[in-house]
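Since chain A is already given, all that's left is putting chain B on it; use the hints.
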Amino acid sequence: MGDTPHRSAHAGTGGTPVAMSHERPAGASARVAERSGNPGRPGGDLGGGGGLPRARAFGAERAFRGLTLAAGTTVLVIIAAIAIFLIAKAVPALRANTESFWTFEGWFPNDNPPKFGIGALAFGTVLSSLLALLMAVPVALGIALYLSHYAPRRLGNGLGFVIDLLAAVPSVVFGLWGRDYFAGPVADLSAWLNTYFGWIPIFGDGPYGSSILLGSLVLAIMVLPIVTSLSREVFRQTPTANEEAALALGATRWEMIRTAVLPYGRPGVVAAVMLGLGRALGETIALALTLGSTYAISFNILQSGGNSIAANIANRFAEANDTGRGALIASGLVLFAITLIVNITARAIIYRRREFTESAA
Amino acid sequence: MAKRVEASNVTAYYGGFKAIENINLTVEPKTVTALIGPSGCGKSTFLRSINRMHEVLPGARVEGNLTIDGQDIYDRDVDVTAVRRMIGMVFQRPNPFPTMSIFENVVAGLRLNGVRRKSILEETAEKALRSANLWDEVKDRLGKPGAGLSGGQQQRLCIARTIAVEPQVVLMDEPCSALDPISTLAIEDLMFQLKDKFTIIIVTHNMQQAARVSDRTAFFSIEKTGDPGRLIEYDNTQKIFSNPSQKKTEDYITGRFG
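Chains as they are written, first to last, in this note's numbering: chain A, 1 to 361; chain B, 1 to 258.
Just so you know, these hints were derived from the structure itself, not from any lab.
Do not rely on the hints blindly, as some may be mistaken.
Partner residues aside, some chain A positions facing chain B, computed with beta carbon under 10 Å [what the hints assert, rightly or not]: (1) L249; (2) R266; (3) T339.
Each residue gets a CB set at the ideal place from its N, CA and C atoms; glycine is no exception.
Okay, chain A solo, but in the shape it has when bound:
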């Protein structure tokens, strides 16, 4: 106990000596600073040492920054190079075209004079992709919700794995399966649809077979795993706190999903659907095998026919002459533009909903 007042007395009176003792280290620091060639530090400064070290001119920080910048720039350079190449090849063919590129329904770029139009191809591309999404997305969301919120954990993981396997099947396999096996049942389905729902214009007369319906069904199966996996991940990330909040308010499982899970996952689901749409728009060989390769704009999805930009490129590239290749490249540019528009739209949707979303309850 005797120690304590002694120590506190020192602390109390120690103020002056401590303040005075700073004189010397400060002077020392000034000397050190001068010696290391770092002027501009006034000697009366508190806090000993030689001042702050200078920023290094070339450190790991700068090197890494440069590397990432270079990587980012490379992407832009590659895209620009591809765009320039495509445009350079496409322009001569477009000049030589004697019909309207946008409205002519046909593809004869190898003839003299060349005649070709993108209208029917772009129409078929968009129609088959939209139909595929229309069929795939509800099923995919159902599977995703089942896997994330209903299935027992082990079953959910197993099923999720199987779905992911579906994504690994090459598209040519889907195409061949669609053309050789699936076409029969789809033709029967087409006849049935035409009989009972023929009054709806899209379910028109035959002949049935390699139709937009077949193509988009195959596309739907191919898009399914992407949309399912991504949505499942998004749904799984719903904060437990929000799910419990809904349950504690007396929500059933489905009401909890509607109140907490779906609104939370909406931006992610939009992104998943857009990725699926991207795959459907760019799908080549499966559609080349299952569509009828005609060049007419028709809303009758049952009739043999239909075509898409990518499938047309695959079908016609081998036989194309110079103008023909230019025409196909021009169609590729249009596909590029469509994809760009889709992606910008998706970004806009996500951005608009980013800060605030209207109620989903």
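This is chain B only, laid out in the frame that chain A set:
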């Protein structure tokens, strides 16, 4: 609007782990009851058993008898969503629905119950927000996201959301542990007002808080890690904090243990 909660021999498990054992406790209507005790002693587990939120976790189950005004809530014929509507819950961290506005958050429970008419929703929202002492702060921005409020406001929003469905009992699981002292004070004031209408059971780690807000206090404890939590002492708050009858309780509230 307030009911008696009676627990007899309540035992709760997480899979094979017994979290609480043989809890016997009666909570009177229109009182605030605090559950205190060291971490892992099963206070929250017991609280979550009262509105059947415990069983939400995979493998979790409850044994024993829990009644609200004599009605067994674990009865086979009882609808679990009806139980949770009758016994509301406020969680440790404020959890407003992030995609909903302030207004939609408050009426979320009503909408789940099928209330659609706008006038009823608006009336109830105002009433609930006033009861939660939040109305004046948010009345001009009901359409703004609930997640944009401060932590204390969010927690009061969650309380408003809970009482908007007019439960009989309100459970609070450490409602102030994520809040600053001023927000904490606001919520404690709120509890005083709410006990006129509701039976309130609150889990808290803050013993001053238990002493300030509660009428009765239940002290839970465990022998050692891995043992189930037990109810050590349950009495009037004043008695627990001034003259507890159990040595363990005294050790805990004087800070010698836990």
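Evaluation of the provided hints:
Using the Cβ-Cβ criterion of 10 Å, the hint placing L249 of chain A at the interface with chain B is satisfied: the shortest such distance is roughly 4 Å. Interface hint status for R266 of chain A: upheld, as the beta-carbon distance to the closest one in chain B is roughly 7 Å, under 10 Å. Contact between T339 of chain A and chain B, as hinted, is not supported at the beta carbon level, the nearest pair being about 29 Å apart and thus beyond 10 Å.
This entry does not satisfy hint 3, going by the numbered hints stated previously; all others are met.
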